[in-house]
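Enquirer: With the hints as extra help, turn the sequences into a complete structure.
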Amino acid sequence: MSHLNRRHFLVTGLAAGAVAAIPATAAHADEPDPAAETTQSLASRGLRTDPFKLGVASGDPDHEGFVLWTRLAQEPLAEDGFCGMPQRPFPVLWQVYADERGRRVVRTGVSVAAPEWGHSIHVEVDGLSSDREYWYRFRVGPYVSPMGRARTAPHPLSYGSGLAMAFVSCAQYEHGYFTSYRRLAEENPDLILHLGDYQYEYTKNSYTIPGGNVRHHEGPETETLANYRQRHAQYKADPDLQAAHAAAPWLVVWDDHELDNNWADEFPEKPEVPQPNFLSRREAAFRAYYENMPLRRTSIPRGIDMQLYRRVRWGRMATFHMLDTRQYRDDQGCGDGYRDCPAAVDPARSITGAEQETWLLDGFRQSRAQWDILGQQVFFAQRDNNAGPAKITSQDAWDGYVASRQRITQGWIDAKVRNPVVLTGDVHAHWASDLKLDYDDPTGPTVGSELVATSISTGGNGSDSDPSTHPFLTINPHLKFYNNQRGYVLTKIEREQMAADFKVLPRVQTPGAEAYTRATFVIEDQVPGVQQTYLRPLDPTLRIQGQMSVEDTVRWETERP
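In mature numbering (1 follows the signal peptide of the UniProt record, and there is no 0), the protein residues as written are -29 to -1, 1 to 532.
In case anyone wonders, no lab produced these hints; they're calculated from the structure.
Some hints could be false.
Below, in silico cross-link-like pairs of lysine-lysine (DSSO-like), each with a Cα-Cα straight-line distance of 27 Å or less [what the hints assert, rightly or not]:
id, residue 1, residue 2
1, K362, K241
2, K463, K387
3, K24, K175
4, K362, K463
Expert: This is the structure:
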């Protein structure tokens, strides 16, 4: 596979304002259409309909700019993964505006959508003003994309005016509608973090919920580049997901389902089941992931490798350390489920790999941020599900890599990180937790905080319950909250505190539900640990789960086909 060259990313030298602003609408049928000749020319080259069916996105902002993304697609569900696009490149005009109506062009250029990269475009825009909103869109001939909203981070020496940041995880297309994405877009956040399981690899009806799935995947289980491209396109064609991408810049990291359930480095989920194509499958999945995400050129995959861990700074207010806990981890020591596993405490084992761990610890030492935030995939705090002397924990999470967790926790303590906060997805439920250096000593000091987002749709509707009755909270006193509905977490980060609203929807198996705040937790500046400030009473009109059992919780997290 050939690598992208600079032409696919950089502008062609057009100065700002040299190209007329993209019109908000096409010409009326009874008026002369200035794009008619261009339309005929495009049709002769195989472009006959709107190619912006996958929407637009921005990502990885800094104080001078951000990445702009789109991918041309006439037929998103085409089996060959090319979305009905001809096998030829198309120049695409992009423009950045200072106003929502697209009248003040501040940056413009042309980028090439090449077939070898799925007709995707990644434009790295710079030279913009810090800490302000911008809008953008794309054009090919008469075809104009939706408008997207992006924003730049504050200047590195400025705290800015506060950050409205949301984070999400786990969107299984078949299990429910993406209403959570729509409600998140309506919150008008400054930044959205996606912490993995953006899409799922399964073929139709192989990962089902009680009562049956409400939508269906197209195509087989994803193993080839064409399969992954088609699956990403099916997800990207969803209007609710498109709304969330257009609402704010995203920071993305993968978990397992972007490739294969519970994969670890070069090991598939079940090494005992031969999968001789796993490395080529990994290469295809990584390539498709890059093609479909607003990532910088530093993340261009090279064969089976892809640089995804990175740091994004939001002025002095926050530093986001975006981690990759899949590509470099040792294989799970005793399988993927909950186990009492001697290998879990082996000091030689790592979930991050040595190089990423060193990078993270160096970042702690160099940070001068008010908040150091780890955007990552799997549960960080200890969750023992056994009230007796045995320690039975999830081997796919940091509990399966205890020494790795302890080194990183000790690293932020030694570096005197002001406010360490871990953000997590994966487990299809909302959680909040204090973090400890030694979880066997519940009276020991709290040294950090963890906030965990439920799924967007995975698992279907779920149910509400009294969080105080969950047995995990009794067995693990550092765990402070649990909820098994679908939704997202919306935070407000200021110098004095970080407030987190755990947003939930009463249902996702039918579209259109409204979101509400189930609980709010606050982390105060230099006071590690989570403090509950609001808990919504149980709604008697909803399906209420009785006391959630250990077995129920494990099943919700780990039950796979």
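Enquirer: When the structure is checked against the list of hints, which entries are broken? Sort them ascending.
Expert: Of the numbered hints given earlier, the structure breaks just one, which is hint 4.
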